[in-house]
Structures are given as C-alpha cells and as structure tokens.
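Engineer: Sequence:
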Amino acid sequence: MTPPSPQSIPARWIIAEPDHGALKNLQDALHLPELVARVLVNRGIETPEAATAFLAPTLKSLNDPLQMRDMDRAVRRVMDAFTGGETICIHGDYDADGMTSTALLASFFEQAGHPVRTFLPDRMTDGYGLNPDRLKEMVRDGVNLIIAVDCGTTAISEANLLKSLGADLVILDHHTPGPALPDAAAVVNPHRKDCEFPFKDLSAVGVAFYFAGAMRRALTDAGMLDRDGLDIRLLLDLVAVGTICDAVPLLSDNRVFVSAGLRLLNEGPRLGLAALKAVAGIRNRPVTSGIVGYQLGPRLNAIGRLGNPGIGLDLLLAHDPEEATRHADVLDRENEARREVGEEVLAQAFRQVEEGGGPLHKAVVVSGEGWHPGVVGIAASRLVETYRRPAVVIGVSDGIGKGSCRSIRGFDIGAALAGMSGMFIRHGGHPM
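All letters in the sequence shown, in the order written, are residues 5 to 436 by our numbering.
Incorrect hints may appear among the rest.
[Claimed, not checked] DSBU-like cross-link-like pairs, simulated, lysine-lysine; straight-line CA separation at most 35 Å:
| id | residue 1 | residue 2 |
| --- | --- | --- |
| 1 | 64 | 28 |
| 2 | 167 | 406 |
| 3 | 167 | 64 |
| 4 | 204 | 28 |
Calculated directly from the structure, the hints in this document are not laboratory data.
Construct the entire structure; sequences and hints are all you get.
Structural biologist: The structure is reproduced here in structure tokens:
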C-alpha cells in the first residue's frame, strides 16, 4: 500500500507570546531583527550572553571534562594501561555515533603513541552492546582493557564476566542508566544521577571527545606528550558527524562541537568523509548539519544496519584516497539496499496501523515476522512523523523480537523501557 501522508494527523501550532522585556533587551543589546529575537526568547534564550553563546558558539565555552563523574578514574586506568604496555580494545556500536566515537578514540590513541584494537558488533550476529562470546575472544587474544563507547551502561553481567576473566572495563556512554551500574573500572555517563556535569545531552562521541581532552592533559602532565603535539580539535569533524546523526539537541556543548566540526568538514575534511561527500554527489557543496544528517549520516548508518560496520570505521580512519573511495562506494550501495528494505517494512507497518483503525492509542506498536532489525528504527521514525505518537517497531525472527523505538518530545522512552526491564532480554536507550 502507499504509506499515508505525514499530514494525516496535522500538527497543531500554538505560538508562544514572548516576554516583551526580554525581547526588547535582546534586540537592543545585539541589534537583532525582531523575528530572530522572538524565536530565541521563545526557546528560553533570554539574555544577551545566552544568545551570543547560541549564535556564535566557541570552544572556550566547553566544560572541564573532569567535572564528569568517573572521568578521573577512566583516565587513571587508561594511563596505567599506557605505562604498563597493556593491550586496549575500543568496543563501539554499529551506528554513526558508535562509529565516530570508535574512530575518534582509535585516532587519538594512535597519535598518542599507543595504537589500540577496535571492535564494532554485527547487528545480526552480535546484537547490541557487549556480547559475552566476543568479550571472551578478546581476552583470549590478549586484551587487558576494553573501553566501551556508546554502549555498556546496562552491561551488568558482561562487566562481571570481564572481571572474572581478569580484564578491566571502562565505559564512555550516554544511554539511560538502569537502577544499578556495572562493576567497571569507570562508568562515564552524564546521565548518571550522581554526575554533576552541567550538560547532560551529549552524544557518545561528545563523551569520547571530553575523554580525549582529559587524557591529553594527563599525558602532557606526565611528560608523555609534547605540549604542542596532538591537537584534539582536529577530531571535531568526527564529533560533529556523530552528534548530528544521533539527533541530540544542538544546544550548549553540542552546538559548540557541531559549529567547530562543520568548519573542519568544509575547510579540509578527512579522506573518508571527503570520499563520502563524493559518492553522495555533494563534493562541491558546503557541508551543513542537514547535509550530515540526510546525506552522510544515512550512508554510515546503512552499513551498520545491513552490512559490516567495520567498513564504516575503516572509511573514517582511511589514510589512502583509493581505500577511502572503495569504502565509500560500499556504503553508498548499502544505503540503496537499506532504502529498499526499509520501504517494504514501512509499508507493512503502515498497513497494520491503518487496518487496526489508525493510531487510536497513545503509542503505536507494530511487529512483523522477518522484518530486518537494521531498518526498524527508520520505520519507527516515519511512524512518529506521521502519527505524532511514540512508536515501537519490532522485527521477529526465530521467536525473538528485536525492536527499535522513537519518541516525541516530553516522553522519555529510555526511562519507560528501564521501568519495564523485566520484559526484555536486553535493552537500552535514551529519551528520544
């Protein structure tokens, strides 16, 4: 069937009346047009200082990474691995945020003189997060320390397994914590209840960047790194891509990351991202957040949805133009395949909703036998756009349902899942 128009449930716009005192203050102080000042005030940006930070974000406004709970513990454990010559593996996730996080850390460690191994799980065979069998393989292969990025916050049993095997775990994540945290060397997550970091809505790559900054400081203080070496600002293109693709709010720290990262993407993108621009047909166009979100990001995500996410990581770390082009071509083909598979699942999902009388409930939940788990998240997003309700799309295979959720502003679906954790084999998530 033809999917219904996203206008099938119209939006209701209620325009807020701004505080006229704050409106005039912004106009007078910054010489802003009334419309711009009105939009800013209605978004809660009411002072000239806040408006300046929003309109012209600077790296100087970033926070001290050591304000994040357990960041000091994470740095100490990795410094011990450096001095002890231990083998480190970066365990990421298969989406764009996970790929960019892993690429950022691998690039940082390589430049710091301590190359690391990397691992991105296969969505179909490994599933989301830390897979016990893979962890055992890593330890057997000599890994002493695993840094889990964009995953791990709910990995209670997996952390216990690693401890029993004599390996340590450092977690750099941003997903909603459960009632208990893993017994790890460090759990760095701004959403921890005991974390006083002033900005909570970081993506995983944002957490990874802050960790790189804290590590650079520690290595410099220890005399292991020249004070003029290793400019972590050159990693901000990765931070921008991961931040935009994970759909976190482009406010505060995230706004700084994206502003600086987009400049880097336009002035001199790394080989992999330049090749990705070429296959997307935007080689000579300015890179905006829209270009990243709708052209580059989907190609990175596609390889993690249907194929081998390691190819996406190899693209981001490529040092050879031919290698970068080869990987970009694979991502482009996977994106076309993803689009075809996704449209079929979406058509079936819409059919279920419409045949059930439409979105009569407060949430939309659909499922289908054989629906590919790599595209259910895209279908959930489209259902939210169409019906303006939280949506859950579940693909069932061999009696196991693998689902993905998307929410609306004001309903924290990550917390909702945490409150129903007994219903799931495993789960994770964040508010949207």
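Engineer: Would you mind marking each hint as holding or not holding in the structure?
Structural biologist: Do the hints match the structure? See the list:
{"no.": "1", "hint": "64 with 28", "in the structure": "28 Å, holds"}
{"no.": "2", "hint": "167 with 406", "in the structure": "28 Å, holds"}
{"no.": "3", "hint": "167 with 64", "in the structure": "39 Å, violated"}
{"no.": "4", "hint": "204 with 28", "in the structure": "31 Å, holds"}
The earlier numbered hint that this structure contradicts is number 3, and it is the only one.
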